[in-house]
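With chain A fixed as given, assemble chain B onto it according to the hints.
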Amino acid sequence: GQQVMQIPQYQHVQEGEDFTTYCNSSTTLSNIQWYKQRPGGHPVFLIQLVKSGEVKKQKRLTFQFGEAKKNSSLHITATQTTDVGTYFCAGLNSGTYKYIFGTGTRLKVLA
Amino acid sequence: GAGVSQTPSNKVTEKGKYVELRCDPISGHTALYWYRQSLGQGPEFLIYFQGTGAADDSGLPNDRFFAVRPEGSVSTLKIQRTERGDSAVYLCASSLMGTGAPEAFFGQGTRLTVV
Chain A
1 GQQVMQIPQY
11 QHVQEGEDFT
21 TYCNSSTTLS
31 NIQWYKQRPG
41 GHPVFLIQLV
51 KSGEVKKQKR
61 LTFQFGEAKK
71 NSSLHITATQ
81 TTDVGTYFCA
91 GLNSGTYKYI
101 FGTGTRLKVL
111 A
Chain B
1 GAGVSQTPSN
11 KVTEKGKYVE
21 LRCDPISGHT
31 ALYWYRQSLG
41 QGPEFLIYFQ
51 GTGAADDSGL
61 PNDRFFAVRP
71 EGSVSTLKIQ
81 RTERGDSAVY
91 LCASSLMGTG
101 APEAFFGQGT
111 RLTVV
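From first to last, the protein sequence lines stand for chains A and B.
Okay, so the first sequence: first residue is 1 according to the numbering used here, each after it adds one.
Okay, so the second sequence: first residue is 1 according to the numbering used here, each after it adds one.
By construction, these hints were calculated from the structure, which means they are not laboratory data.
Built from N, CA and C at the ideal position, the CB exists for glycine as well.
No false leads were mixed into what you were given.
Think about it this way: if two alpha-carbon atoms lie no more than 30 Å apart in a straight line, the pair counts; the simulated BS3-like pairs of lysine-lysine are:
| # | chain 1 | residue 1 | chain 2 | residue 2 |
| --- | --- | --- | --- | --- |
| 1 | A | K36 | B | K11 |
| 2 | A | K36 | A | K57 |
| 3 | A | K36 | B | K78 |
| 4 | A | K70 | A | K98 |
| 5 | A | K51 | A | K36 |
| 6 | A | K70 | A | K51 |
| 7 | B | K78 | B | K15 |
| 8 | A | K59 | A | K108 |
| 9 | B | K78 | B | K11 |
| 10 | B | K78 | A | K98 |
| 11 | B | K11 | A | K98 |
| 12 | A | K59 | A | K70 |
Label pairs and their calculated CB-CB ranges:
| # | chain 1 | residue 1 | chain 2 | residue 2 | range |
| --- | --- | --- | --- | --- | --- |
| 13 | A | V50 | B | G28 | 15 to 25 Å |
| 14 | A | T81 | B | L39 | 19 to 29 Å |
| 15 | A | M5 | B | T113 | 26 to 36 Å |
| 16 | A | M5 | B | R64 | 27 to 37 Å |
| 17 | B | L39 | A | S26 | 17 to 27 Å |
| 18 | B | R64 | A | D18 | 41 to 51 Å |
Only chain A is shown next, with the shape it has when bound in the complex:
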């Protein structure tokens, strides 16, 4: 079945450093979403990417969808302690409504 993998699994950074997580799907996606989950919390929607090669920015966050629509990345510039949490991508196959979540990347920011 479809698999969505994320790397790295964990990342510790010093406050102010940049951070990137990568998402790879075994199948071509119609769109991809990104979520953030704080420790003890529930996933919170960040963004959705639909077009091949699409790049979207939200303040210090930059999201990219690959040309082949099988991979995506989330880059955070100058991390802050408020960025702590686990970042999940969730991919959708065309013709379905079943989002498959990635394995997640847990980010820890050291002050």
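Chain B alone, transformed into the frame defined by chain A:
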């Protein structure tokens, strides 16, 4: 309501018992999802409702799991003969369909512990 509401927030049950988990979606959201999240894992899809009907229940692990949404709003996930392996956080999410795979809003989840 303002967001997706799930009750109870925590449920401890004995192995073999029956449990029901409730989800109140955001008013007007026609799509409703159930996911299960184990510690350190991403949410695992269980079932998707569009209105009252289960459009995709391919994620339900076995016939002990069943979910309903009789009036197209509140949904109940039912687990029979619970097993210790069913222990997890059960997440519900709703979304507003008709806008092309829109974002899903998650509830806080129900933490189920089977002892």
